[in-house]
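Trainee: Sequence:
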Amino acid sequence: MSFQSHTVAPNGVDLHVRTFGPEDGYPILLLHGWPDSSRCWERVAPLLGGFRLVMPDQRAFGRSGMPEGVDAYRMQAILGDALGLLDWVGAPKASIVGHDFGGAVAWQAAAWLPDRFDAGVVIASPHPGRFREVAAGNLTQVMKGFYAWLMQTDDGLSLLTQDDARFMATFAFGTAIPPEEVEEYRLEWTAVPGRLAAMANWYRANYSPAFLDPGNEVSIRPARIPIRYVHGAKDFAFVPELATGSAAHTEGAFDEHVLEDASHWMPQTHPERIAELIRGWVERH
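When you line the sequence shown up against our numbering, it's residues 1 to 285, in that order.
Hints listed in this document are in silico derivations from the structure and should not be mistaken for laboratory results. Some hints here could point you the wrong way.
What the hints assert, rightly or not - Taking CB as the label site, the calculated pair distances span:
| id | residue 1 | residue 2 | range |
| --- | --- | --- | --- |
| 1 | G194 | R166 | 10 to 20 Å |
| 2 | P92 | G137 | 39 to 49 Å |
| 3 | P114 | D163 | 41 to 51 Å |
| 4 | R166 | E251 | 40 to 50 Å |
Glycine included, every Cβ here is placed at the ideal spot set by N, Cα and C.
Using the sequences plus the hints, can you model the full thing?
Mentor: Set out below in structure tokens:
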């Protein structure tokens, strides 16, 4: 079995999509985060034999299209891509897995689209309601997310992506993945003019300072499908309190797993454990 590549436009934007597994297998939609691509799942997919895996480069990432304007990256549009991909593979329902910003998409799918998703696995992305509870007034967490605030302005984005995005590549991945893979990502980001700015629109559209306002009710609806949450105890992006507490923002079955020896990039660094946790949850629900 090997990866298959496709270019489809299920929601008006060309998406590069990788699939893996039998066409008649139970479908799982796997969504990468920022600043990743579908290659995030290259080590995990072969361990999920029997399932029909659908792994897009989300809009602006990898080899996918880059629609203009911040509004094109709001969560409603991204969820539209997810639904379009289910329709493309002919799946009335599926399970959803998301890492990092892909996890944020999975939380919203779990809240707003329970009629299309049976279960979800979220990796390294606390529920947004839990994030707000902890981050509001927590200077340490705000500093951990400084890159997200930098991307709110053109000057900040230029600072973050200087030297052909070498700083960003080192900051994002560190030593978690082999340096040759980090370089492949960097070249991918810089190969097409405007890609880095389009990638930044994910944060500009969905992670403005207003997000931390306790009076802002957008995006914190509870999950309404069974959710398994997976967190790395050494995750550089989050204070330790965010490893737990997402359960309060769910209405269905929930469990959580903290991998003590893991940081943020668990699909790449702990593929066997991630595949085991995905399979176990999907087969249970």
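Trainee: Does the Cβ-Cβ separation between R166 and E251 fall within 40 to 50 Å?
Mentor: 44 Å, holds
Trainee: Taking the Cβ atom of P92 and the Cβ atom of G137, is their distance within the range 39 to 49 Å?
Mentor: The hint (39 to 49 Å, Cβ to Cβ) holds, given that P92 and G137 are roughly 43 Å apart.
Trainee: Range hint 10 to 20 Å: satisfied by the CB atoms of G194 and R166?
Mentor: With a Cβ separation near 19 Å, G194 and R166 satisfy 10 to 20 Å, so the hint holds.
Trainee: The hint says 41 to 51 Å between P114 and D163; measuring C-beta to C-beta, is that right?
Mentor: The hinted range 41 to 51 Å holds for P114 and D163, with Cβ atoms some 45 Å apart.
When the structure is compared with the earlier hints, no violation turns up for any of them.
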